[in-house]
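These are the residues of each chain, in order.
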Amino acid sequence: MTTAIDIRGVTKIYNPNSERPVTALDNVSLTINDNEFFTLLGPSGCGKTTLLRLIAGFEQVSGGEIMLYDDEIENLEPNRRPVNTVFQHYALFPHMTVAKNVAFGLERLKKPGEEIKATVDRVLSLVKMKELGDRRPNQLSGGQQQRVALARALAPSPKVLLLDEPLSALDLKLRQAMREELKQLQKETGITFVFVTHDQEEALAMSDRIAVMSNGEVQQIGAPTEIYEHPVNRFVADFIGDTNFLDAEIVEVKDELVACKIGSQSMFEAANSGGHKVGDRVTLFLRPEKIRLSAAGQGSGADSRPGKIASMIYLGNQAAYTVDMGDGIELTAQARPREDGKMPHASGDDVTVQFSAHALRVLAQ
Amino acid sequence: MSGWLPKSAAGRRWLGLAPSYFIIGIFMLIPMIIMAVFSLLAPNPYGGVEPEFSTAAYVKLFFEYDLEDNLVFNPGYINIIFRSFQLSFGATILCLIFGFPVAYYITLQPEHKRNFYIYLITIPFWTNLLIRTFAWIIILGRGGVIETPLYALGIIEESLRMMYTDGAIAIGLTYSYLPLMVLPIYASLEKLDFRLLEAASDLYANRWEVMTKVVIPLCKPGIIAGCILVFIPCLGAFIAPNLLGGGKKLMLGSLVQFQFASARNWPFGAALSMLLLSAVVVVLIFYARSARKQAEAGQA
Numbered sequence: 001m002t003t004a005i006d007i008r009g010v011t012k013i014y015n016p017n018s019e020r021p022v023t024a025l026d027n028v029s030l031t032i033n034d035n036e037f038f039t040l041l042g043p044s045g046c047g048k049t050t051l052l053r054l055i056a057g058f059e060q061v062s063g064g065e066i067m068l069y070d071d072e073i074e075n076l077e078p079n080r081r082p083v084n085t086v087f088q089h090y091a092l093f094p095h096m097t098v099a100k101n102v103a104f105g106l107e108r109l110k111k112p113g114e115e116i117k118a119t120v121d122r123v124l125s126l127v128k129m130k131e132l133g134d135r136r137p138n139q140l141s142g143g144q145q146q147r148v149a150l151a152r153a154l155a156p157s158p159k160v161l162l163l164d165e166p167l168s169a170l171d172l173k174l175r176q177a178m179r180e181e182l183k184q185l186q187k188e189t190g191i192t193f194v195f196v197t198h199d200q201e202e203a204l205a206m207s208d209r210i211a212v213m214s215n216g217e218v219q220q221i222g223a224p225t226e227i228y229e230h231p232v233n234r235f236v237a238d239f240i241g242d243t244n245f246l247d248a249e250i251v252e253v254k255d256e257l258v259a260c261k262i263g264s265q266s267m268f269e270a271a272n273s274g275g276h277k278v279g280d281r282v283t284l285f286l287r288p289e290k291i292r293l294s295a296a297g298q299g300s301g302a303d304s305r306p307g308k309i310a311s312m313i314y315l316g317n318q319a320a321y322t323v324d325m326g327d328g329i330e331l332t333a334q335a336r337p338r339e340d341g342k343m344p345h346a347s348g349d350d351v352t353v354q355f356s357a358h359a360l361r362v363l364a365q
Numbered sequence: 001m002s003g004w005l006p007k008s009a010a011g012r013r014w015l016g017l018a019p020s021y022f023i024i025g026i027f028m029l030i031p032m033i034i035m036a037v038f039s040l041l042a043p044n045p046y047g048g049v050e051p052e053f054s055t056a057a058y059v060k061l062f063f064e065y066d067l068e069d070n071l072v073f074n075p076g077y078i079n080i081i082f083r084s085f086q087l088s089f090g091a092t093i094l095c096l097i098f099g100f101p102v103a104y105y106i107t108l109q110p111e112h113k114r115n116f117y118i119y120l121i122t123i124p125f126w127t128n129l130l131i132r133t134f135a136w137i138i139i140l141g142r143g144g145v146i147e148t149p150l151y152a153l154g155i156i157e158e159s160l161r162m163m164y165t166d167g168a169i170a171i172g173l174t175y176s177y178l179p180l181m182v183l184p185i186y187a188s189l190e191k192l193d194f195r196l197l198e199a200a201s202d203l204y205a206n207r208w209e210v211m212t213k214v215v216i217p218l219c220k221p222g223i224i225a226g227c228i229l230v231f232i233p234c235l236g237a238f239i240a241p242n243l244l245g246g247g248k249k250l251m252l253g254s255l256v257q258f259q260f261a262s263a264r265n266w267p268f269g270a271a272l273s274m275l276l277l278s279a280v281v282v283v284l285i286f287y288a289r290s291a292r293k294q295a296e297a298g299q300a
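Chains as they are written, first to last, in this note's numbering: chain A, 1 to 365; chain B, 1 to 300.
Hints listed in this document are in silico derivations from the structure and should not be mistaken for laboratory results.
Remember, it's a predicted structure, so these values are computed and weren't measured experimentally.
Watch out, some of these pointers could steer you wrong.
Simulated DEER-style distance windows between Cβ atoms [what the hints assert, rightly or not]:
hint, chain 1, residue 1, chain 2, residue 2, range
1, A, LEU174, B, PHE194, 21 to 29 Å
2, A, LYS277, B, PHE194, 55 to 63 Å
3, A, ARG20, B, LEU108, 44 to 52 Å
4, A, PRO82, B, PHE98, 36 to 44 Å
Calculated cross-link-like contacts (lysine-lysine; reagent style PhoX-like; alpha-carbon spacing at most 20 Å) [stated by the list, open to error]:
hint, chain 1, residue 1, chain 2, residue 2
5, A, LYS110, B, LYS213
6, A, LYS100, B, LYS213
7, A, LYS111, B, LYS220
8, A, LYS100, B, LYS7
9, B, LYS113, A, LYS100
Just so you know, even glycine gets a beta-carbon here, dropped at the ideal spot from N, CA and C.
Only chain A is shown next, with the shape it has when bound in the complex (with noise of 0.2 Å):
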């Protein structure tokens, strides 16, 4: 497999000779594969898009190298590397036409005239905005704009698009739609895509691989099941989705399990992820929907526990349920409604609730 962008030991540390320095990132290393859409996620502040400005060249390396196929990039002016941006607020030319911001890379690489043509219309079709290469950008609606900023960024034939949470200033249905347009126009260009997102949502629906950042580190790098099922540490599964965290104490260690110990008494069987003993305190994680809900009495089998609706947040198709486990023990669940719209359990209900050893891990401290 072919490396898009070597990112290795790059640390980016802003006003390094004042009194206050800002280490944005941290001896970062990675690889981007070529073909790939590759995701940058993390809260604000994370140095995530700190990351995608280096690669794009708007700021300097404070050490580190950044290789882009094999070439050294990280000294040379953003005009100078063969990557486009798609930025967050598209940063179209309100100066110029639809048509001559998306011909406007390959204007200032000097390509013939009629290619500049032949490429515009193709793009834009790409994109689907053909029929209004006239308008000016403030004529153009914001899912519009968000398109020509794609159709410029793709026209030069970058070897790597980055995209700096371009998404985010659209409202939910249409971005939900650039979702799938994005990850479509991904691989019918075949050009690596690093997109930078904080939310979660959307780097699980469009990415090969993601980059979980934080406090200028990666956390973990893996793809989306792996990311979400797996998490190394307690900031990449709280990030990722709801969970349920447990404190606790391992009592027992067995071959694939372990037993722990959670509040005063109550005892827990979890997956075993290796490197366990005796009297490690240690958190466990559970996601929501790996739990199953039953009215009391219904369920049966040794992974049964009663519990007792303690409150009900109802979320249309789903509900989120607190459980009140006894010992101290809270526990997030859902349900899904019944046919007729009702949901399953009411606040005060006392239900049965159930999950597998397997889904319950033991995260690192």
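Place chain B on chain A using the hints.
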């Protein structure tokens, strides 16, 4: 409580605008009407005008009477007008060349510094223009600030004769009106979205292309406003031409001043003013057109 206010919205609007109408009327319109009337009267040799109709002042712009009392074409005043335009144009270009980088530099500074620099730009306005122009005599003049060290270093052996030239006038005009170029360009650059510069360089534009394809087109309204703010007062300027041009290289403004103060030909001075006014109107119409075109093109 506000019973004395006009009832209708239109009436209230008129009341709100009344002070501006009053000021424009008293200080702009009435003096202009007086000048227009004076230009069509006969001169009084002791200054002022005689109340009798005469177009002599306008005739004098283009013709003179020869010894046999025939009207013949006289290019003298037209040459002065032509030179006024030339010098004003030159000074405007110089202001643009020096003013744009200054405005751009200020825009790139952090906000608290920006205000300080703008404040510095306006400092020359605190001192009388006459005194500041006198300073240029010391700088440019024989044995002045520029020549003295050149003499001392043996680079020159006789005076460069910088004073009393068109060049000296152009320098004086450029100096006088440079702030009027910097301020409107700064105002439009300040609104510029600097992410567009990143977008341009991301799309393979080098520094020169970023400037010519993005920055300059987007601050064109500021550049045009600055050029007009410099060009119009240059046309009517008389301090710089009188002091630095030695009163020999006349410009329109100094010619008008001369007619009122020394030559005692008020109608001719008024006629020259009317000519100057029409030149300014032509420039402003050009500006209004380009501004409208830009508004139609969909940019603020």
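Here is how each hint holds up against the structure:
no.: 1; hint: LEU174/A <-> PHE194/B: 21 to 29 Å; result: holds, 27 Å
no.: 2; hint: LYS277/A <-> PHE194/B: 55 to 63 Å; result: holds, 56 Å
no.: 3; hint: ARG20/A <-> LEU108/B: 44 to 52 Å; result: violated, 23 Å
no.: 4; hint: PRO82/A <-> PHE98/B: 36 to 44 Å; result: holds, 38 Å
no.: 5; hint: LYS110/A <-> LYS213/B; result: holds, 14 Å
no.: 6; hint: LYS100/A <-> LYS213/B; result: holds, 11 Å
no.: 7; hint: LYS111/A <-> LYS220/B; result: violated, 28 Å
no.: 8; hint: LYS100/A <-> LYS7/B; result: violated, 52 Å
no.: 9; hint: LYS113/B <-> LYS100/A; result: violated, 36 Å
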